[in-house]
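Colleague: The residues making up each chain are set out below.
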Amino acid sequence: MNELTAENLHLWRSERHVLRGVDFALEGGQCLQVTGSNGAGKTTLLRALCGLIPLEEGRICWRGRDINDDRESFHAELGYLGHDNALKGDLSAEENLRYAVGLRRRPTSSEIAEALARVGVPEVAAQRARRLSAGQRRRVALARLNLQGAALWIMDEPGSNLDKSGQTLVLDLLQSHLKAGGAAVVATHQELDLADQQLRRLALQ
Amino acid sequence: MSTQRLGFADAARGLVARDLRLALRRSGDTLQPLGFFLVVTTLFPLALDPELSRLRDIAPAALWVGALLSSLLALDRLFREDAQDGTLEQLALSGWPFAGLLLAKTAVHWLMTGLPLVVIAPLAATALGAPYAAMPGILASLLLGTVALSLIGAVGAGLTMSLSRNGSLLALLVLPLAVPVLIFGARATALAIAGEPLGGPLYLLAALAVLGATLAPWALAAAVRIGLE
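Chains A and B supply the protein sequences, listed in that same order.
The first sequence begins at 30 in this note's numbering and counts up one residue at a time.
The second sequence begins at 55 in this note's numbering and counts up one residue at a time.
Treat the hints as calculated values from the structure; they're not laboratory data.
For every residue, glycine included, the Cβ atom is placed at its ideal position computed from N, Cα and C.
A hint or two may mislead.
Claimed, not checked - Beyond 12 Å from chain B on every Cβ pair, some chain A residues (computed):
1. 46
2. 50
3. 54
4. 87
5. 98
6. 102
7. 106
8. 113
9. 125
10. 128
11. 227
12. 231
13. 233
Said to hold, decoys possible - Computed Cβ-Cβ distance ranges for the label pairs, DEER-style:
14. 101/A - 267/B: 16 to 26 Å
15. 160/A - 186/B: 20 to 30 Å
16. 169/B - 228/A: 48 to 58 Å
Unchecked claim - Partner residues are not named here, just some residues of chain A that face chain B (Cβ under 8 Å, in silico):
17. 41
18. 104
19. 114
20. 116
21. 132
22. 223
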């Protein structure tokens, strides 16, 4: 069964027809890679898939149901990593994770420590986010996504500000998520080294 | 990994705890409205002829204009920073009623601006010559009025959060809506100082607070969603 389907999505931004009849279907264990030049509408598509931007036309379904029918249930299964890392500068990395994940479930201290270790920054747990480098902040945001335990990941340039090991980390996290039956939509120019049956591609123009 | 989903109350409590912690870590910003209120209300006795009857005449206006303006001071950053760093998007996508979460954020605004103002109001009222017997009435009116001001102000903050230099527009939006609170609040305070029954304006303030708590979250959620698009 398809987990996420998009049918004939149309969206205008001012005078620009950004999404022109986008269609795709994604099953559990699959990743849709969205590519396109700057301004092609990758971020707009991802935000529309999240329900942050209303569509002019078309339908997005999650597990067979239109996301607008029960938006809260859809969002409860959605993990979103946008351009911004969604970290509060005056909170430590550990506090950021505790409060952000705490909107959905109560993470234990050991889970948070493990999540930070998994993304390669165990030493930043007690440091305030504003003192972290851009790459470290991105890793903490990835730890949040991983801790949320969402079935659908929507990621906008997840590898931005990350070094080579960070790019590998994104791929590792994605692999684990897909192997666990999750689905993902990723806007990235990075080559995603996934098996053919795991990867779908969508090029926006 | 425990994946049991929390209830809405737990999620809202967590959000309140986060915002309170952030507010305490930025104590300078947090204390600014309170300091402003104290300065405004205590400058009046210094600037005017210190005749008790005159001070008592201007006390309701001084207290309520001070409360209104100090409430406005902290509104500017109620949602703007969360919108800029992406945490507001995470709230919108958390799977809980967005209006409820924004109401929780507004509650923190009241806890950090309205409540301290109510606590410190006896000091300001005493400086303005209000008799001790008037304090319960003044506190009750400020308690209800600051709740209404936070709710009205939050809608304005939601509408202007994505605009740069939004302070003056926020004031233009919020001040006309806050006029009924100002009128009934000042009237209740004047009656309390005069030792007369203040039930009428107090009930109207309570009605405004209830109306705000009922309608503002929905208007606020719509306004913030537009800002997030």
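Colleague: Evaluate each hint against the coordinates.
Modeller: Okay, the hints, checked on the actual structure:
1. 46: Check passes; 17 Å lies beyond 12 Å.
2. 50: At roughly 21 Å from the nearest Cβ of chain B, residue 50/A sits farther out than 12 Å, so the non-interface label holds.
3. 54: Non-interface label on residue 54/A holds, nearest chain B Cβ at 22 Å vs cutoff 12 Å.
4. 87: holds, 16 Å
5. 98: Its Cβ never comes within 12 Å of chain B, the nearest being 14 Å, so this holds.
6. 102: Not fine: 7 Å to the nearest Cβ puts residue 102/A too close to chain B.
7. 106: Answer for residue 106/A: violated, closest chain B Cβ roughly 8 Å.
8. 113: The claim is violated: residue 113/A sits with its nearest Cβ about 3 Å from chain B, within 12 Å.
9. 125: violated, 9 Å
10. 128: violated, 4 Å
11. 227: The assertion about residue 227/A holds, with a minimum of 23 Å to chain B.
12. 231: About 21 Å separates residue 231/A from the closest Cβ of chain B, which puts it past 12 Å; holds.
13. 233: Check passes; 19 Å lies beyond 12 Å.
14. 101/A - 267/B: 16 to 26 Å: Distance hint for residue 101/A, residue 267/B holds at roughly 21 Å.
15. 160/A - 186/B: 20 to 30 Å: For residue 160/A and residue 186/B the Cβ distance comes to about 50 Å; the hint is violated.
16. 169/B - 228/A: 48 to 58 Å: Given about 54 Å between the Cβ atoms, the range holds.
17. 41: Because about 12 Å separates residue 41/A from the closest Cβ in chain B, which is outside the 8 Å limit, the hint is violated.
18. 104: holds, 4 Å
19. 114: holds, 6 Å
20. 116: holds, 7 Å
21. 132: holds, 4 Å
22. 223: With Cβ-Cβ at 24 Å, over 8 Å, it is violated.
Hints 6, 7, 8, 9, 10, 15, 17 and 22 from the list above are not met by this structure, while the remaining hints are.
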